[in-house]
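What follows is each chain in one-letter form.
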Amino acid sequence: MASQTLQKVDHSALKTNQLIIISLNVLAFILNLPILAAFVALVMGIGSALKIPGFGFVYKNLLKPRGWMKPDVVDDNPEPHRFAQFLGFVFMTAGSIALFLGATVLGWSLVWLVVMLAALNAFGGFCVGCAVYYWLSRFNLPGFNKQPPTGTFPGMKPGVGASR
Amino acid sequence: MSAETAEILLRFGLAISIIVLGALVYWLINQRLLVRASNNVFTLFNQLPNKPVLVYFTTPDCAPCKTVQRPAIDRVSNLLGEKLEVIEIDAYEQPDLAKTWGVMSVPTTFVLDARGEARYVNNGVARVEKLLEQIQTL
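Those protein sequence lines, which keep their order, are chains A and B. Every letter in the first sequence is one number past the one before it in my numbering, and letter 135, counting from 1, is 135. Every letter in the second sequence is one number past the one before it in my numbering, and letter 4, counting from 1, is 1004.
If you're looking for bench data, these hints aren't it; they were derived computationally from the structure. Please note that a few of the clues may not be correct.
[Unchecked claim] In silico lysine-lysine, DSS-like type, Cα no more than 30 Å apart, as pairs:
no.: 1; chain 1: B; residue 1: K1066; chain 2: A; residue 2: K146
no.: 2; chain 1: B; residue 1: K1099; chain 2: A; residue 2: K8
no.: 3; chain 1: A; residue 1: K51; chain 2: A; residue 2: K8
no.: 4; chain 1: B; residue 1: K1066; chain 2: B; residue 2: K1083
no.: 5; chain 1: B; residue 1: K1130; chain 2: A; residue 2: K60
no.: 6; chain 1: A; residue 1: K51; chain 2: B; residue 2: K1066
no.: 7; chain 1: A; residue 1: K70; chain 2: A; residue 2: K60
no.: 8; chain 1: B; residue 1: K1051; chain 2: B; residue 2: K1130
no.: 9; chain 1: B; residue 1: K1130; chain 2: A; residue 2: K64
Using the sequences and the hints given, assemble the complete structure.
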């Protein structure tokens, strides 16, 4: 595996983003509010464009300064996480459009898919979008040029088995 | 009850069902992890210490390990003294051991009873109260 320069990635910011996405989407489903699902899609889209976690501002401005969440800075590639958020944005946008067009089963299924993938990441430490990114990087697709940190299973949070 | 309230309740029930299903899957994965840990307990000891054991997987650059998990384990260790054995494993130094035990992230703690059966696994930070409760139920 080629050596590469890793960056400092605060996984607490990513986790906050995932937990807010989960909460708002579940709330949108319970209250039958497609507009709330569309809002989540919009924030994820803005986050993807700015290359930051969409709801990361909650962590940065509220949770971190008050000590309610502690930083969890890990040597990692930020690109796969951005790609994962972009994938989420695509699913959420498709889900929102489906909901507004009256295809409620398809729409809410896509929203729940995002909830489940975010939960898997937040509680299980496995980022499916990142795994897809690393899988695509094996085919040398343009823009997919990062490899998992050495010794880390693609998509898993670096730490265990990763080289120093 | 209005139709709108009934729909919200139905959706709430559905959401809870999906979440419970997800939690069930998570529980099954943890059970599998415990079986795996119990089967591999002799990768840590030649002879069982005949007291509860806390197996703590960490890495030097794991921030929550330093700020939360390490102090919590120190406190539990101080409270229980000789009644508990703590084994700390650096997953960088012993990646094969971490792999054998199915550890996917750090911190991860396993609570083993005196017979070497893995009874609890905590993926992520486990606070003092939780660890004490787990150890006391052994």
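Hint by hint, here is what the structure shows:
1. B:K1066 / A:K146: Cα-Cα ~29 Å, so holds.
2. B:K1099 / A:K8: Satisfied, since the Cα-Cα distance of roughly 25 Å is no more than 30 Å.
3. A:K51 / A:K8: It holds: about 14 Å lies between the C-alpha atoms, which stays within 30 Å.
4. B:K1066 / B:K1083: Measuring from Cα to Cα gives roughly 24 Å; hence the hint holds.
5. B:K1130 / A:K60: OK: K1130 of chain B and K60 of chain A at ~28 Å, within 30 Å.
6. A:K51 / B:K1066: Holds - the C-alpha atoms of K1066 of chain B and K51 of chain A are around 29 Å apart, at most 30 Å.
7. A:K70 / A:K60: Measuring from Cα to Cα gives roughly 11 Å; hence the hint holds.
8. B:K1051 / B:K1130: Since the Cα atoms of K1051 of chain B and K1130 of chain B sit roughly 18 Å apart, the hinted pair holds (cutoff 30 Å).
9. B:K1130 / A:K64: Roughly 24 Å between the alpha carbons, so the hint for K1130 of chain B and K64 of chain A holds.
Comparing the model with each numbered hint stated earlier shows that all of them hold.
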